[in-house]
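Enquirer: Listed here are the chains, written in short residue letters.
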Amino acid sequence: MQSKLSSLFDAFLPVIATLAALAVGAVMLLFLKVNPLEAYAALWDGAFGSANSFAETLVKATPLLLVALGICISFRGDVINIGGEGQMIIGAVLATWVGLTLTGLPGWLAITLAMLAGFLGGAVWGGIPGILKAYFRVNEILSTVMMNAIAVQLMNFLLRGPMIDPSQAELASKIPQTARLLDIFHLPRLAPTRLHLGALIAVVLAILVYILLWRTTAGYRIRAVGQNPNASRYAGIKVPRYVVLALLLSGAFAGLAGAVQVYGVNYRMITDGSSSGFTGSAGFNGIVAALFGQLHPIWSIPASILFGALLVGANKMQRVVQVPSALITVLNGLVVIFVVSSEIWRRRRQRRRLAAAPVEESPPEEDQPNVQTKEANQ
Amino acid sequence: MTESKKLPSGQPRIESVEMRGITKRFPGVLASDHVDFDVKSGEVHALLGENGAGKSTLMKILYGLYHPDEGRILLNGSPVTIASPKDAINLGIGMIHQHFMLVPTLTVAENVALGLPSSLGFLTDLDRVAKRIIELANIYGLKVDPSAYVWQLSVGQQQRVEIIKALYRGAALLILDEPTAVLTPQEVDEFFTIMRQMMKDGYALIFISHKLHEVVEISNRVTVLRNGKKIGTRPTSETTKQDLANWMVGRDVDFAPDRGNVELGEVRLQLRNISCASDRGTLGLSEINLEIHSGEILGIAGVSGNGQRELAETIAGLRKKTSGQILLEGRDVTHYAPGDLTDRMLSYIPEERMRDGMIREFTVAENLILREHHKRLFSTNGFLKLKDISTHADNLISQFHVKTPSRETLAKNLSGGNIQKIVLAREISRNPRVIIAAQPTRGLDIGATEYVREQLLDQRKRGAAVLLISEDLDEILALSDRVAVLYEGRVMDILPRREATREKLGLLMAGVHPEEAATVVN
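Residue numbers (our numbering), protein chains in the order written: chain A, 1 to 378; chain B, 1001 to 1522.
Calculated directly from the structure, the hints in this document are not laboratory data.
Be aware that one or more of the hints could be misleading.
Below are the DSS-like pairs computed for lysine-lysine, each with C-alpha atoms no more than 25 Å apart in a straight line [claimed, not checked]:
hint, chain 1, residue 1, chain 2, residue 2
1, B, K1143, B, K1131
2, B, K1403, B, K1229
3, A, K238, B, K1060
4, B, K1006, B, K1131
5, B, K1375, B, K1387
6, B, K1060, B, K1040
7, A, K238, B, K1320
8, B, K1229, B, K1040
9, A, K238, B, K1375
10, B, K1320, B, K1131
11, B, K1387, B, K1412
12, B, K1403, A, K238
Make a model of the complete structure from these sequences and hints.
Expert: Spelled out as structure tokens, the structure:
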């Protein structure tokens, strides 16, 4: 009875933690002399209030989920990919180039090729740090961040020069953007909202990533290498190869996210000089969503929707109660901190319960280093 | 107080320490269940028990590292509270840990003074410390140079530093936690001499061990713990090794399992002039030549750190060879990767099973296919055959008596013995041609040890060639057909089983040359 109750409690723990985070946020809102109930009502309304707003939430969640899927793969392989932003950009640039070049193709074929191009572009941008890490021991956190910077400048150069919209090229303003994609190249809408096929692709891919990680030898090896490279070597696994694969796949999913943004939302690339101008920081927020989803591709779906909802709802909240937009970032952070801490707490409880089970023969010697919390901290 | 009540170090004796009804609970485990234990001045009281029996818990309570949930501690008849190791030290209780608590980059004197207030305030008083160390050392002939750096000292010498450290802090009672685990037989003898002298001088000594012959040799009384409960205390003179073992395990133990007669087959594994580097870049192995036949167990004896790990890893393809050649059933496999050796039916039971042999976050079933997950048995076209993997796991779990709630349990939640059973099941169930078993019973309790040894003997009977690397001489002598002794990366000698006596092996392990060793023994 007691165990049933406590496992039910465990299942709702992330929800409870989210509510606790919102409660702390409420205190901040009070300091800003804003009625928290009104603010949160606006937040909820903005994210889920109507079919349209829910669709917007899903539109925001889509790139988060795609990036998160890649993060599930790389973090499970103990490779910390911070390069989602750059990988998204390169994927988007390549996909855009495909759409602007192969204008004679039928829509479905052009879209397929463009998505593949995005996937490949991200794979290359993730694969380079992968190779550097696996064979030259270059820290992947550093190299992926550096690759972000390179990608941004590459984008800025291309959109100002070779890929600039021909009509802009003639104007004095020279807005750095590409031409608009043909209408038949747009990702189909799923409802009379902005919700597009990309969301569905992301969900299908989540299932495929689950299968990859737990049903294939490649996934088995990625996880083995991530957990214990020594034992993996002993098991005959070529460790460097799977380090590269993990980072390459991770980049590929981010690249796809970039392509989906162009073909599903913006229909062209435009830059304000920064990476977040194009990605909306999805390359970073996807990491948070993946960690929130416990690095599990299926759980990453609700996690991405939650963060999508926070992003969309925050806009409305800002408009209705006039709070600074930075507060939204704070709320985001609070949710992450509370949920991650509750997760650590849950594992402790679980371990204590396991220790009570009859199989455990020896008393716990020291607090054992918890591998999972390590992931959460990153 | 008469002069005789003082110890040679000038400290007053501890006439007696009594622990009464000590109970300590960890979440879900009763680590110590109303245990009574006592030790008197001038005796060695051995504390015996399997892993997890509660020996360490009890001693950590006496040393102030844990606090008992129930029970009292009486010192010289009056109750005391020991809230921290500092309290324990002030009361004259010292502990020599199994893993030495020394800083290798400091000198002996610096290590001894570490954590103590200096008589000169903010300045160090290492000269005085050194003088006192020499005084203490002279009493017991513990030859130690106070200005030597700890990293320069042998393991035996480091242990002496630990003893001096405890004496310096005024210990009159010493808790010795498996002090002989890292020593050669000769060093053990010297250590016992010191212990006997200290006993005569009136120290109270608690000796934790699971080496029965040592307990029988050195202790006056012995207390056996099992599952946190005290089974009993007896004068050592009224017990035998066999009695104690049965007591510890709670049933009859077969120490020297029947080896049976196995006919020696063809040479399965051959090492020719193998050399390799150690982790620190020094010479790890030097010109090793070995041959192992089908149906044979070749034991590798030696004190820890003399090339055992390098030997196992070199054969298993995990370490680069700087020269030489390895033949597996006549085929040159010198440069084979670990996976290729697996395919050629070489099995390896690694020394550090948690580091090399297991993935903690993987399930039992996933760990059981670690080496062959890519084989047709467990995967097709890159997809894992989950059903076959489950069946395989269930079969091995029952066949090897692995105690686990299910095949989906994560490996990190199992006990050491069950983890080793999983490694064993994985490595042995494939009927390998050659088995490298590195410290296969280290850290296991008697029950699991017995089981592992039987399995190795079964493999020998089946015709496998087994290389058994062990620091436990009893194990080497119980299982091996021939014994090779490693010393500083070299094979000192290879003896057939009947010529391999404990004394001879001990001398070889200490680096004495075979001819010399022969004359010393005879």
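Enquirer: Would you check the hint for K1403 (chain B) and K1229 (chain B), treating anything up to 25 Å between C-alpha atoms as holding?
Expert: 22 Å, holds
Enquirer: Is the Cα-Cα distance between K238 (chain A) and K1320 (chain B) 25 Å or less?
Expert: Distance of about 16 Å is within 25 Å: holds.
Enquirer: For the pair supplied as a hint, K1320 (chain B) and K1131 (chain B), is the alpha-carbon distance within the 25 Å limit?
Expert: 48 Å, violated
Enquirer: Mind checking the alpha carbons of K1006 (chain B) and K1131 (chain B) for me, to see if they're no more than 25 Å apart?
Expert: 21 Å, holds
Enquirer: Keeping to a limit of 25 Å between CA atoms, is the pair of K1229 (chain B) and K1040 (chain B) held or broken?
Expert: 21 Å, holds
Enquirer: For the pair we were handed, K1143 (chain B) and K1131 (chain B), check the Cα-Cα distance against 25 Å.
Expert: 13 Å, holds
Enquirer: Sort out whether K1412 (chain B) lies within 25 Å of K1387 (chain B), counting only the CA atoms.
Expert: 23 Å, holds
Enquirer: Could you grab the alpha-carbon distance between K1403 (chain B) and K238 (chain A) and see if it respects the 25 Å cut-off?
Expert: 32 Å, violated
Enquirer: Regarding the pair K238 (chain A) and K1060 (chain B), is the alpha-carbon distance no greater than 25 Å?
Expert: 44 Å, violated
Enquirer: Is the straight-line distance between the alpha-carbon of K1375 (chain B) and that of K1387 (chain B) 25 Å or less?
Expert: Judged against 25 Å, a Cα distance of about 15 Å means the pair holds.
Enquirer: Keeping to a limit of 25 Å between CA atoms, is the pair of K1060 (chain B) and K1040 (chain B) held or broken?
Expert: 18 Å, holds
Enquirer: Between the alpha carbons of K238 (chain A) and K1375 (chain B), is the straight-line distance 25 Å or under?
Expert: Distance ~15 Å between K238 (chain A) and K1375 (chain B) Cα, so the pair holds.
Figure legend: structure checked against the earlier numbered hints; hints not met, in rising order: 3, 10, 12.
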